[in-house]
Amino acid sequence: MPEAGQYLSASAITLKMKTFDRVFYSSSDIYITNEEGISILFVSLDMVHFDQFIVHRVVKINPDVYFNIVPVSDPSDIIMYYQESDLKQMPLPEPMEFRPIVPHLEVQEILQAVFYVRKGNYHGRGHIDNFYEMIYVDQGTMQAIVDDHEYTLNQYDALIIDPGQKHVVYTSPECSCSYLAIDFNMKNTFESITMPHYFHTDKHIHQILSHFMNALEINTIFNDELAIVFLKEALLMLYQNGKSGRVDPMQEHFESTLLNEIIVYIHNNLFSPISVEDLCVHFSISRSTIQNLFRSQLDMTPKQYISELKLSEAQKLILQHKYTISEISDQLGFTSIHYFSRKFKERFNMSPTEFAKKGTE
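The opening position of the sequence shown corresponds to residue 80 in this note's numbering, with each subsequent residue numbered one higher.
The set of hints was computed from the structure by calculation and includes no laboratory data.
Incorrect hints may appear among the rest.
[Stated by the list, open to error] No more than 20 angstroms apart at the CA atoms, straight line, and that leaves these computed lysine to aspartate or glutamate pairs for DMTMM-like:
1) Lys139 - Asp156
2) Lys95 - Asp143
3) Lys139 - Glu163
4) Lys401 - Glu356
5) Lys282 - Asp153
6) Lys198 - Glu163
7) Lys282 - Asp236
8) Lys422 - Asp217
9) Lys245 - Asp226
10) Lys266 - Asp303
11) Lys436 - Asp153
As the structure is a prediction and not an experimental result, all values here were calculated from the model.
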């Protein structure tokens, strides 16, 4: 605050505008106190590069520093102490605006979320919807035609179809596919941003969508809210990180030579019982080392990775219709068919038998 005996004018100001086209400056010190609400101070030395600070208690602005202040909350009241004869103002080349943190994407309603299993040579019916649809491939390969664009979707690929777009999905004779389709209504107010539609994703999106499906399993208002939150998180992650074009997630995540060797070993021994202890002995590393390696590179434990890989292979074997569920459980080294069935249902939200039936539809 001003020193004793220093006479300054005091102006009580109620801030209303979040934009400004001019700045103030003074040849003497200025003091600003925040009386009510939240306000943000813009300061600059050149009227080009501005820093922003939330105003708490008393702020001292040094001489010849350009500034203006805008409200964050409503109301927002300040008191400014200044030498009236020293205070000047200068127009800005272009107006500046404080952009509050507000939602630009709102999932308004989840219409349905269905997990499909399609055998080879499936061909859907072309149609147009008045809502959004997300297609996420869990296993296999499928094709999609959206308006005049054709896409090939492999494992972990995602496609977002806008309202009013004609689309159809199909599989080639030699390829089966299991995928998640989510129909929803969304309000999107991102300005001047062309949203991509095709994405090659990683395990993080897979985990978010798993949380999404788990939330839908229990029909409560809180789980419904969680499902909306998870879907919004997945959409934002896709839009933020997803640019059309292929990337190799194996190359991206398996930068560590040691991790590469472990992954190859797991794949080569997929049809045998594999434990974390076996990996530690084979590669002469501690349990904490392998746990940290998998968590940092893959965001999961080695046990989770092995289980995920075995269950994904189980899907493929079930769709071949060559083996019984019991035989598949034995081949993949599960301790019992009951344990296998429980883990399969936890992962895919359906039992192996239900999955097999879907594959024949």
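Against the structure, the hints come out as follows:
1. Our distance criterion of 20 angstroms between C-alpha atoms is met by Lys139 and Asp156, whose separation comes to about 17 angstroms.
2. Of the pairs offered as hints, the one joining Lys95 and Asp143 is violated, with about 25 angstroms between alpha carbons and a cut-off of 20 angstroms exceeded.
3. For a cut-off of 20 angstroms, the pair hint linking Lys139 to Glu163 stands: about 16 angstroms separates their Cα positions.
4. The straight-line distance between the Cα atoms of Lys401 and Glu356 is roughly 32 angstroms, outside the 20 angstroms bound, and the hint therefore fails.
5. With a C-alpha separation of about 42 angstroms, the suggested pair Lys282 and Asp153 falls outside the 20 angstroms cut-off, and the hint is violated.
6. At roughly 80 angstroms between alpha-carbon atoms, Lys198 and Glu163 are farther apart than 20 angstroms, so this suggested pair is violated.
7. About 11 angstroms separates the Cα atoms of Lys282 and Asp236, which keeps this hinted pair within 20 angstroms; it holds.
8. Restraint check: the Cα-Cα separation between Lys422 and Asp217 comes to about 16 angstroms, which is no more than 20 angstroms; the hinted pair holds.
9. Distance restraint check for Lys245 and Asp226: the Cα-Cα separation of roughly 5 angstroms lies within the 20 angstroms cut-off, and the hinted pair is therefore satisfied.
10. Annotation: proposed proximity of Lys266 to Asp303 holds, straight-line Cα distance about 18 angstroms (limit 20 angstroms).
11. For the hint pairing Lys436 with Asp153, the CA-to-CA distance comes to about 58 angstroms; that exceeds 20 angstroms, so the pair is violated.
Of the numbered hints stated above, those contradicted by the structure are hints 2, 4, 5, 6 and 11, listed in ascending order.
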